[in-house]
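Could you slot chain B onto chain A? The hints should help.
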Amino acid sequence: MRASSKRVISIGIAALFLLGTLLVYGSLIRPTYTEIEKKRAEVNAAETVFNNQKQATDQVTKAFTDMKNATKVREVISQALPVGPAMTQALHQVESVVRANKVVIDSLTIKQKTSEPNKQVLAKRLGKLQLNFSVSGSYESIRDFLKSLESNVRVTNVTNFDFSSASATGDKAVAAGTYSMQIVAEMYYQEE
Amino acid sequence: MEQRDPQTALADQFVVDAPNAGLPWRLMVFSIVLFVFSLFIFAGIKFGYTSYLNTRQDNLKAETQALAKKINPDDQIKYVNFYSQTLNLKKVLDRHIFSANLFNFLQSKTAINVYYTNATFSAEEGHVTVQGIAATSEALVQQLSVFDAAPELKSAVLTQMRFAEGGKVSFEVEFVFRDNFFQFPAL
Numbered sequence: 001m002r003a004s005s006k007r008v009i010s011i012g013i014a015a016l017f018l019l020g021t022l023l024v025y026g027s028l029i030r031p032t033y034t035e036i037e038k039k040r041a042e043v044n045a046a047e048t049v050f051n052n053q054k055q056a057t058d059q060v061t062k063a064f065t066d067m068k069n070a071t072k073v074r075e076v077i078s079q080a081l082p083v084g085p086a087m088t089q090a091l092h093q094v095e096s097v098v099r100a101n102k103v104v105i106d107s108l109t110i111k112q113k114t115s116e117p118n119k120q121v122l123a124k125r126l127g128k129l130q131l132n133f134s135v136s137g138s139y140e141s142i143r144d145f146l147k148s149l150e151s152n153v154r155v156t157n158v159t160n161f162d163f164s165s166a167s168a169t170g171d172k173a174v175a176a177g178t179y180s181m182q183i184v185a186e187m188y189y190q191e192e
Numbered sequence: 001m002e003q004r005d006p007q008t009a010l011a012d013q014f015v016v017d018a019p020n021a022g023l024p025w026r027l028m029v030f031s032i033v034l035f036v037f038s039l040f041i042f043a044g045i046k047f048g049y050t051s052y053l054n055t056r057q058d059n060l061k062a063e064t065q066a067l068a069k070k071i072n073p074d075d076q077i078k079y080v081n082f083y084s085q086t087l088n089l090k091k092v093l094d095r096h097i098f099s100a101n102l103f104n105f106l107q108s109k110t111a112i113n114v115y116y117t118n119a120t121f122s123a124e125e126g127h128v129t130v131q132g133i134a135a136t137s138e139a140l141v142q143q144l145s146v147f148d149a150a151p152e153l154k155s156a157v158l159t160q161m162r163f164a165e166g167g168k169v170s171f172e173v174e175f176v177f178r179d180n181f182f183q184f185p186a187l
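Top line first, the protein sequences correspond to chains A and B.
Sequential numbering of the first sequence, starting at 1, is according to the working numbering.
Sequential numbering of the second sequence, starting at 1, is according to the working numbering.
Only true hints are included.
Derived DSS-like pairs (lysine-lysine); straight-line CA-CA distance at most 27 Å:
(1) A:Lys128 / B:Lys90
(2) B:Lys154 / A:Lys147
(3) A:Lys124 / B:Lys91
(4) A:Lys39 / B:Lys61
(5) A:Lys62 / A:Lys124
(6) A:Lys147 / A:Lys72
(7) B:Lys46 / A:Lys38
(8) A:Lys111 / A:Lys128
(9) A:Lys113 / A:Lys124
(10) B:Lys91 / A:Lys72
(11) B:Lys78 / A:Lys62
(12) B:Lys78 / A:Lys54
(13) B:Lys91 / A:Lys113
(14) A:Lys39 / B:Lys46
(15) B:Lys70 / A:Lys68
(16) B:Lys90 / A:Lys68
(17) A:Lys147 / B:Lys91
(18) B:Lys90 / A:Lys111
Hint data in this document are derived by calculation from the structure and do not stem from the laboratory.
Just chain A, same shape as in the assembly (with noise of 0.2 Å):
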């Protein structure tokens, strides 16, 4: 063969090379490559995922174990604010007020009012007790006993009350210096 052949020749075969290259990186390195873009983005939004919810899972983990350490404030806590109704608890709490300040206690009612919604999603509703009541003693008695009742661990809002001497209702029976009291107040927990 004439070596002006071979030269042609080998020209040839490096342009097909050259041009299978080519191809090669076309049809078969870019679509693959671009398929790899996307599929490390997939993997780096799998590692955010991760780790974000690692971070979430750690103090998650710190709050439990900080909440199981507090004993004593989850204690106090569900005392203020129990969770279910907890009608006799509210019924004692009231009659160791009323026996603690020596006044007479002629009326009470407890009724359930509807539960408040709560603006924080995973938060459950408010619930409230409404007690009506009726009181009497002496002066000094029935204001004590407004006072432990409203610094009560079981919170209590007392939201009107009707304070009168016993005259002024037009009891002369009863003796001077007794005063009642009309009481609404409200008493809360958490629903179950």
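Relative to the frame of chain A, chain B by itself:
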């Protein structure tokens, strides 16, 4: 010195160099190497890197799911309860009032010759109505001026006044207290 044939010497003058095939041959080898290299790159990213990324993605998914399972459902419920209780307690304490502060106020702001017969309190409307009896009208005026000067009050309005036997005056006053008056317990 060797004598050369003059014809041979002349022919030597016209000898042309054999054609140099080095460049095309090298170009061909280079293009083959480039082609093989491109195939290698393709195989590397297709079967090496892609499968690595797939495995990594699967592992991350599995680890994320495992993280979610790490939290005990019982603890979760307890925590939600605790969180709700804390949140609700704050809400309740924010609106907690001490209506008994009224007694301290009346005890310290009542003039001589004046006493009260009735007091009503409404947290929702935010006011207190007090009924009482003053020994004389002067005593009532004196009492009203004490109320006017009281820093705890926004307003004290005399809503009713009636003269009774013996120069006594029965009256009714409506108080509107300052916003923070019922917020903290009186000492």
